[in-house]
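Top to bottom, those sequences are chains E and L. All residue numbers for the first sequence refer to my numbering, where the first residue is 1 and numbers rise by one. All residue numbers for the second sequence refer to my numbering, where the first residue is 1 and numbers rise by one.
Just so you know, the hints here were simulated from the structure itself, not pulled from any lab data.
Just a sample of chain E residues kept apart from chain L, beta carbon distances all over 10 Å, derived:
| hint | residue |
| --- | --- |
| 1 | Ala170 |
| 2 | Met232 |
| 3 | Lys503 |
Sample of chain L residues at the chain E side, in silico, Cβ under 10 Å:
| hint | residue |
| --- | --- |
| 4 | Leu16 |
| 5 | Gly27 |
| 6 | Val85 |
This one's a predicted model, so the numbers in the text were calculated from it and none came from an experiment. Just so it is clear, CB atoms sit at the ideal spot from N, CA and C, and this is done for glycine as well.
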Amino acid sequence: MLAELGLAMLWLAAALAGLQLVAGSVALTRDGEGLGGIVRPVAVVQGVLAAAAFASLIWLFVQTDTSVKLVAENSHSAKPLIYKIAGTWGNHEGSMLLWVTVMGLAGGFVALVERRLPERTMMATLAGQAFVSLGFYAFLLLASNPFQRLNPAPQEGNGLNPLLQDPGLAFHPPTLYLGYVGLSIAFSFAIGALVTREVGPAFARAMRPWVLGAWIFLTLGITAGSYWAYYMLGWGGWWFWDPVENASLMPWLAATALLHSASVLAARNALRAWTVMLGVVAFSMSMVGTFLVRSGILTSVHAFAVDPRRGGFILALLAINIGAALVLFALRAGTVTEGERFEVTSREASLVFNNVMLSSILGIVLLGTLYPLVTEAMGVKVSVGPPYFTPMSAVFAVPMLVVLAIGPLLRWRHDRFKRVSLVLAAPLAVTIIAAIGFGVSGVTSTMSLIALSLAPGLAVASLLPLRGRNLARAPLSLWGMVIAHLGLAVALFGMGADGAFTKERLIAACVGESVDVGPWQVKLGAITPVAGPNWTALEADLVASYDGAAPDHLKPQSRTFWAPPQTTSVSALHTRWNGQLYTVLGEEAHDASSAAMPTGRWQLRLWWKPFVPMIWLGGVLVALGGFLALLSRVRQDLKRRTVRARGDIRRGDREEREAA
Amino acid sequence: MTKSEAPRAPGWTLWLPLALFVLFVGGVAISLMLPKSNDINSQMIGKPLPAFSLRPAADGRPGLATGDFAGGKPRLLNIFASWCVPCGVEAPVLAELQRQGAQIDGIAIRDHKDDLNAFLAKNGNPYQRIGADDVSAVQLAIGSSGVPETFVIDGKGIIRYQHIGDIRPDEVPMMLAKLKEAES
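Generate coordinates for the entire structure from the input sequences, incorporating the hints supplied.
Here is the structure:
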């Protein structure tokens with residue numbers, strides 16, 4: 001019953017999205033304004049219905065109702081509850097349902113609270129949101145129904161990919177989706193502003209908190225995903241330039257550029273067409289990324305729906321949504337004037353530079369992600385990896401980081417470099433000292449050396465906007481910027497440290513044997529079998545001592561799941577203030593002469609990774625900075641609203657008195 | 001410093017994003033329509049089979065060793081397991097290949113004798129020999145990372161072709177052609 005109810009609610013939500021589109025569009029015409037009144041309530045109800053459909057799918061997974069095909073294929077009654085729930089979005093259909101749910105809720109939320117823009121622009125915005133949603137509803141209902149029944153129902157489900165059975169995964173995709181799909185709001189705002197020709201500071205101020213919210217989730221999602229890959233895949237790497245990772249990075253780059261250009265538009269009424277363009281691009285990147293991953297057109301470890309028909313459907317959707325937006329842009333952007341001018345030495349100019357660099361990195365990543373497709377069409381299979389991505393993006397990232405150090409110190413419109421050059425001596429000196437220090441201490445990799453020397457200078461520079469201010473009085477949004485920029489410096493240092501200082505040992509050790517890795521001495525204490533809810537494992541007891549200090553125990557496992565059958569390594573990590581010890585237990589080593597003879601030696605992979613956790617600490621700081629900025633915007637808006645409301649009450653009182 | 005409006009970009013530049021996007025959609029649409037190949041240019045193709053000698057995995061069939069592939073005729077080597085669901089789906093296709101003259105050997109990965117006997121009784125047994133690879137050692141050595149996979153081994157024990165995933169019914173002629181190719 002529940003599955004049918006869920007499906008019915010989904011159809012109803014789709015119908016409401018249709019109504020929202022029609023009513024919103026009609027409300028834009030001269031005689032149709034009367035219909036405008038229903039658009040906001042319809043948007044809210046549509047979001048609630050989509051959420052209810054999603055909730056019923058979660059409940060079906062919790063119950064392990066194997067008469068539903070999706071549950072039978074992706075769940076198992078022996079799974080712990082949290083992974084039953086996570087199984088809801090660990091597959092194609094469920095994750096698309098999550099997609100429309102987030103889109104619906106975001107649209108509903110905007111309809112509920114956003115009152116700063118002219119009502120006409122809001123109508124166009126909500127109609128745009130409904131237009132995009134409608135395509136995804138069609139995709140769900142016609143090509144990937146999550147509620148499809150299976151007759152006869154199997155006794156037991158197939159299980160969930162063991163790699164995905166991890167607490168990190170339970171929350172990683174929803175976080176990322178809130179970011180991806182939250183950007184649809186920016187897209188719809190851009191459409192609304194283009195349709196009604198209302199591209200101005202008010203539009204930027206209205207759009208900014210929504211972009212900021214999506215961007216915070218995106219930042220957290222990418223950070224969490226990177227950490228998940230780091231400890232789960234057992235390779236000790238934290239970024240693989242895998243198409244799926246790139247698919248999350250590209251919207252982030254576009255959204256970061258959008259945030260910065262929106263603040264230029266809000267403060268100075270410049271960069272109008274560019275900001276609108278970025279609004280379109282950011283969500284387009286979300287959709288392009290989803291398409292590339294889901295269509296199976298690029299081979300990826302993450303791909304779980306390799307179906308060319310679905311690929312065709314998403315591509316058509318993509319072509320309609322993005323194509324329509326770009327046509328609208330081409331037709332209307334000519335009438336959107338560029339706005340105020342500024343000089344080369346000004347905060348605007350530095351933000352423009354930041355935008356160009358971010359967009360260039362975006363282009364580099366997109367090109368690298370698509371390149372295998374291009375060559376495959378010509379009959380050559382290639383995979384593009386870190387040797388392309390890392391240096392190519394660094395070419396643009398390094399100048400961007402240098403300007404990031406200077407930009408926040410400049411004044412709007414017009415400034416002289418001389419005014420800030422004295423202040424900038426401090427970060428410059430720190431950078432030079434760091435470069436010499438790390439260079440002398442034997443860091444040979446150019447990339448690492450650049451990152452390690454730039455990071456401390458950047459950290460100092462990011463704090464400079466606070467100089468000479470009463471810290472308790474400094475505005476929250478300033479703190480937000482400072483912390484986000486500082487986070488970038490922290491992450492950069494971690495990245496550099498990974499390349500420069502990581503020590504790796506790969507050995508086959510007997511029980512009782514000791515091995516050194518960096519300052520650690522690690523002893524293989526014992527190998528014992530352990531059992532979990534749906535797996536059995538061999539667990540190593542590693543006794544690790546840092547520089548002769550009291551030992552810590554690490555217990556990496558080699559796990560065998562039985563539904564579906566698959567072996568995975570579960571790494572064990574020990575974090576100190578100055579780095580992380582990373583251990584992986586492999587298989588029992590075998591005699592070269594006869595494969596079946598066990599030797600009693602166990603493969604161990606040990607890494608000492610100094611300062612590497614700073615990568616994710618930095619990511620969290622960046623998100624925290626965004627959160628503070630969002631908090632300050634929301635607080636300002638609320639204050640403005642209360643002031644206006646108080647004004648209304650006072651005016652009302654006066655009128656009453658005068659009437660009396 | 002004037003406060004006048006910036007000069008507008010020429011009109012055609014506004015169409016540039018759309019043009020790029022159309023190019024992208026067109027390119028992707030074409031490659032979506034192209035048949036997706038399962039060919040993996042394995043590192044092991046053209047190399048001899050690694051040396052191994054596996055005990056019999058099931059009743060009634062001998063085990064498998066590298067020497068068994070030196071008979072002068074190309075053979076198929078199927079990596080499978082009784083616990084692997086697609087392997088059961090693939091079984092009738094292997095039977096069809098055998099009916100059309102292919103010589104097939106199997107390596108059972110991490111399997112138990114009883115389970116395997118039951119699997120063969122249920123799905124048929126197209127294999128001449130079945131070796132037991134209890135720890136995936138041979139599987140990894142010949143560059144296979146999953147089940148099922150099928151290798152074409154020529155008469156001198158050289159790996160000529162690797163097929164990832166189950167062989168579909170429409171791929172039978174292709175596999176037979178690969179066998180034929182390996183004769184030369």
